[in-house]
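Visitor: Start from the sequences and build out the full structure, keeping to the hints where you can.
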Amino acid sequence: MENYVYIALFAPLAGSLFAALFSQRPKALVTGVVTSTLLFISFVASVILLNHVHHEGAVHVTLMDWISAGDMSIPFGFNIDQVTAVMMTVVTLVSTVVHVYSNGYMDHDKSFNRFFSYLSAFVFSMMVLVMSDNFLGLFIGWEGVGVCSWLLIGFWYHKADVTRDVNPSISPSWAANEAFIMNRIADLGMLVGIFLIYWNIGSLQYADVFAAVPSMNHGMLVTIGIFLFIGAMGKSAQFPLHTWLADAMEGPTPVSALIHAATMVTAGVYLVIRANPLYSAIPEVSYFIAVLGTFVAIFAASMALVNRDLKRIIAYSTLSQLGYMFAAAGLGAYWVALFHLAAHAFFKALLFLGAGNVMHAMDDELDIFKMGGLKKAMRWTYLYMGLASLALAGIWPLAGFFSKDTILEAAFNEHTYGIWLVLWFTAGLTAFYSFRQVFLTFAGDERYKPLGFHPHEVQKYVLWALSPLAILAVIFGWFKEPFMEFVTQFLPAYEMSEHTEHNVVILTVVTTAIALGGIIFAWMRYYKGLKRDEKVEQSLPYRILLNQYYIPILYERVFSKPYAALSKVFWEDVDQQVVDATVDGIASVIQESGDSSRKIQTGNLSDYLKLMSGGALVLVALVLFAAMQN
Amino acid sequence: MITLNHYLILSGLLFAIGLVGVVRRKNLLMLFFATEIMLNAANLAFAATSSYYHDLTGQMFAFFIIAVAASEVAVGLGLLILLYKKYGSINLDDFTIMKG
Amino acid sequence: MNDILSVLIFFPLIAGILGLVVTEKSIRAYGISVAAVEFILSLWMWFAFDPANAGMQFVKRIAVVPDFGISYYVGVDGISLFIVIMATLMTLIGIIALNIKKDLKNMILTLLFLEVAMVGVFVSLDAIIFYLFWEFSLVPMLYIIGAWGGEKRLYAAVKFFLYTFAGSLIMLVGMLYVAYVYQQTTGSWSFALTDWYSLVLIVPVQKWLFWAFFLGFAIKVPMFPFHTWLPYAHGQAPTVGSVILAAVLLKMGTYGFVRFSLPMFPDASVMYITPVAILALIMIVYTAMVAYAQKDMKQVIAYSSVSHMGVIMLGIFAMNAEGISGSVFFMLSHGIVSGALFLLVGVIYDRRHTKLMSEFGGLASVMPNYALIFGVMLMASVGLPLTMGFVGEYLSLAGFFKISPVMTAIGGTSIIFGAVYMLSLYKRSFFGPVTHEANKALKDLDAKELTALIPLVAIVIWLGVYPKPILQPIDNSVKALVSFMHEKAQTPEAKNTIVVSKRTKEAQ
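Residue numbers (the working numbering), protein chains in the order written: chain P, 1 to 630; chain W, 1 to 100; chain L, 1 to 508.
None of these hints come from the bench; they were simulated from the model.
Keep in mind that a hint or two might mislead.
Stated by the list, open to error - Capping the alpha-carbon separation at 16 Å, the derived lysine to aspartate or glutamate pairs in EDC-like fashion look like this:
hint	chain 1	residue 1	chain 2	residue 2
1	P	Lys610	W	Asp93
2	P	Lys568	L	Glu487
3	P	Lys370	P	Asp445
4	L	Lys505	L	Glu493
It should be emphasised that the depicted structure is a prediction, and the values quoted were computed from it without experimental measurement.
Guide: Here's what the structure looks like:
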């Protein structure tokens with residue numbers, strides 16, 4: 001089995017290096033084909049491992065030593081258990097689809113080869129992240145995906161910065177830096193968590209760490225839990241480190257689908273699931289995670305309600321769904337969180353890639369107010385995005401219905417009715433904004449016509465490539481029971497109480513009702529066409545939502561600008577005017593004193609003799625004085 | 001009775017006279033005289049203490065000093081004459097080329 | 001084989017003197033071959049080095065002034081071995097990448113003499129010999145900055161010289177005092193470090209000596225607030241000068257702490273962890289912010305050096321094997337990475353004769369290879385895992401976490417602030433549209449520049465993925481150092497703070 005582990009891990013790396021060889025050549029289809037094939041191989045290996053883990057249990061391999069100093073010894077070790085196997089399969093599946101899709105999407109881009117190199121490098125980092133058997137290995141992947149995300153968000157680096165009114169994310173390179181730096185802030189938290197683990201447990205191997213958890217001081221566990229979660233908050237864009245995710249939409253759409261929807265942003269959720277023995281032991285932190293997740297769910301959904309940018313709407317919905325996952329993980333329903341993670345990866349990647357088709361057809365126009373009626377030209381894309389939106393909204397029998405419903409049941413089961421209520425309401429919002437988007441894009445009057453767009457459906461093979469995602473978005477939920485059985489071999493089982501079982505039908509009905517309500521409301525309002533209401537658009541709540549609660553502007557005013565100003569003060573006023581001036585001051589004092597004592601050097605022997613005699617007298621006086629003292 | 005103290009007081013007085021000469025005089029020749037007086041003051045003190053302690057070392061030193069003073073005058077006066085030939089003056093205030 | 005160190009020291013010296021008769025035309029080939037031979041000799045030394053032996057190897061001791069115990073005494077252990085190799089490597093790379101027209105011969109010969117001093121400092125085991133090489137290293141650098149520098153080169157060169165010189169004089173007084181105490185205790189003079197190690201100093205004396213040595217080393221590192229000579233020196237120095245200065249000369253300061261302060265004054269070192277750490281934290285945070293405010297690319301990297309040296313200082317004063325091994329490793333990685341970054345800035349300076357970021361923008365479009373290598377070094381500089389920069393930074397911080405979690409968290413902001421200034425530099429220079437007409441026709445890296453840079457890229461990645469060949473010998477020697485300090489410490493506080501790793505204990 002060892003070989004399959006290495007194949008799954010290193011095939012993407014091989015692809016990336018292969019593509020890198022061509023990085024400065026003009027487009028070569030071979031890079032796209034080779035990387036996609038290698039990804040597919042990696043996917044097959046992952047499925048084999050999944051099957052193996054199912055029947056035989058976890059696989060553990062150690063490649064070689066990495067860092068070894070003092071008592072710290074960190075190997076490149078990989079452990080494939082149930083959670084990892086699921087993550088690997090999801091990651092490689094979505095990646096393969098995205099790679100194939102990108103062959104069509106990036107067709108006209110002059111940096112075609114470079115794109116595949118980055119994309120495969122990302123998959124490699126993500127595999128390291130999920131496969132590592134220790135926290136530092138996870139951290140390699142954690143930073144690796146961060147860099148790949150930086151490279152891919154800033155893929156079109158040649159675009160110039162514009163003001164926030166023109167483009168809320170300023171420029172791809174700006175958004176890339178924002179994402180990287182914000183992630184780094186969280187990574188520091190994670191690093192501190194890792195240090196705490198090392199000095200308190202003496203090892204960073206998952207197995208050792210989680211074995212030591214029961215015997216540890218509760219306060220220390222809470223501290224470790226908090227710092228690790230700070231790391232998770234950055235990667236999974238939880239409030240208040242969420243602004244980068246929407247700006248990350250500057251990257252090419254396949255990137256948004258793969259990194260900023262299906263895989264990388266779920267790394268935080270993965271971490272919490274992975275560290276479940278730790279978080280189970282600290283219910284107060286877990287409860288905080290659940291509450292924060294719930295807050296982010298509704299917070300992000302509210303911003304999606306009014307946005308006009310096709311990709312940003314999906315980005316906010318991703319944020320909102322990540323909130324759901326954290327809510328589930330925080331409530332102790334780890335397998336449910338993982339289930340929603342997988343389901344979400346499928347339908348959200350599909351949604352994004354569908355949006356990519358629309359962008360392609362509309363020459364990179366993203367404003368849904370300028371679209372409408374695209375269903376004639378893009379029948380298949382309409383179908384795909386419709387399916388994905390239905391899944392996202394949680395309509396039976398699609399994937400989202402099963403996963404989201406279970407999260408709501410868990411919230412009910414824990415008697416956290418507040419969380420349940422908010423999540424329930426958010427389900428309605430989700431359905432509304434998803435279908436607002438679908439209807440504004442595909443239904444109603446053809447607003448693009450006067451603007452001179454000529455939409456067309458994408459290549460056949462791209463549509464075929466999307467079909468696995470579409471199928472999974474539909475059927476994945478049906479595998480809830482086997483999935484649960486499989487992952488709870490490793491994760492703690494989550495039992496619903498009888499009270500919940502009793503009410504499960506009512507809960508399902510209520511949830512489906514609000515989702516349908518959202519869809520119907522969107523249908524009434526937007527299916528026929530766009531009717532803009534100036535009064536609403538000028539109202540304060542609308543503007544607050546459209547400007548993301550003014551948080552990016554707030555961050556700029558409170559952090560970026562003062563930081564730049566303070567840096568300038570430090571340099572110009574402190575470093576040059578105080579520190580360096582002191583050094584130069586000491587030097588000039590010495591020079592001044594030399595300069596002024598130079599005057600004694602008159603050149604006149606007589607003056608020297610006088611001074612000498614005076615000096616001799618003083619010395620004699622001193623000798624006499626000393627003699628008298630004795 | 002002339003005691004050691006008398007010799008030493010005389011020596012001190014001579015030294016003081018010489019010192020004043022060194023400090024006050026501007027003429028190089030006079031400076032030489034003043035230093036000679038100081039040297040002889042030291043000689044006097046050496047000779048007196050030598051006889052007081054019945055130790056010949058002091059008197060030996062006095063001879064050394066006389067020898068050194070003589071050679072110094074020989075060389076110094078030679079230089080002085082050269083200086084006078086070159087600049088036409090032996091007044092110290094005229095030689096400040098080493099001014100810093 | 002036992003003379004390998006003497007060969008390493010004197011080969012460049014003899015070659016430099018012989019080089020005086022080499023013609024201007026063939027001097028480049030001569031310089032490269034001498035530096036290459038020297039580098040290969042240092043690699044050979046590594047090959048012959050016994051990694052399992054934590055003590056000094058290739059030791060050579062010849063009495064020079066026996067009455068005062070001054071001897072020509074050299075040797076290497078895991079701590080100094082790789083710094084020597086790095087010094088020879090960076091000299092070779094620096095000579096390969098040389099791109100000056102004026103007085104090429106003088107430059108190359110100066111670099112060879114500088115190499116003598118650099119190798120000498122790191123292999124000396126006698127305080128006087130150490131001091132000689134330490135001071136001798138100033139002269140070639142003074143000449144390099146003063147003769148080939150920018151507009152304010154004289155000011156920068158004199159400042160560099162006097163500042164570091166003043167510090168080292170105080171260190172010299174400290175050394176003489178240690179020798180005096182040694183003479184008082186044992187009855188004979190000795191300046192040999194190994195003899196000094198065995199000397200147990202009472203705590204009040206340790207305190208004074210600690211600060212005397214501290215001043216000498218801290219100015220060299222340079223620690224805040226003694227760092228202001230560095231931006232001038234880097235700003236004015238020619239590329240090769242900055243490369244050597246950042247890569248090797250700064251390491252002399254931190255190496256001094258490891259070689260002198262820690263084993264000789266363990267109690268005082270433990271006592272002064274907090275003040276030193278506070279200075280280090282100021283270095284990390286404050287200079288990172290200053291770096292962000294710079295307009296000149298080279299100054300950004302100069303200030304980033306100071307910031308990273310702060311992390312190294314934290315690691316040294318971690319008083320455990322993790323931290324000290326990490327900081328020694330970080331010295332190497334910082335040498336390679338900042339050296340490479342200075343070379344890269346030199347590349348663009350050769351083409352445009354400016355280093356101001358506002359003059360660039362969109363370089364990634366016109367110089368893709370350059371952007372790629374710069375990107376790799378940038379990521380190594382911000383401490384990305386699987387590059388060389390991560391291992392040292394991580395271990396240094398991890399080690400110091402044992403001393404103070406809060407201070408480590410503040411020092412850890414280095415990974416945030418580092419990303420802020422480096423990414424903003426990259427964005428301003430490499431991203432965006434090409435706005436300046438002059439930048440549109442820039443040539444990408446040529447063969448010579450690639451020859452200099454590609455080995456560095458390879459090293460950065462190789463040692464990021466597999467640091468063991470280097471980290472293990474370092475760790476062995478550091479463990480020996482730590483357990484020695486633990487043995488020697490007198491105060492209970494120091495005994496508790498200096499943590500001997502479990503593996504060492506088991507081995508005993």
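Visitor: Quick one, are Lys568 (chain P) and Glu487 (chain L) close enough, alpha carbons at most 16 Å?
Guide: violated, 48 Å
Visitor: Do the alpha carbons of Lys610 (chain P) and Asp93 (chain W) lie within 16 Å of each other, as the hint requires?
Guide: holds, 13 Å
Visitor: Does Glu493 (chain L) lie within 16 Å of Lys505 (chain L) when you go C-alpha to C-alpha?
Guide: violated, 20 Å
Visitor: Hey, Lys370 (chain P) versus Asp445 (chain P), does the alpha-carbon distance stay inside 16 Å?
Guide: holds, 10 Å
Hint violations for this structure: numbers 2 and 4, all remaining hints satisfied.
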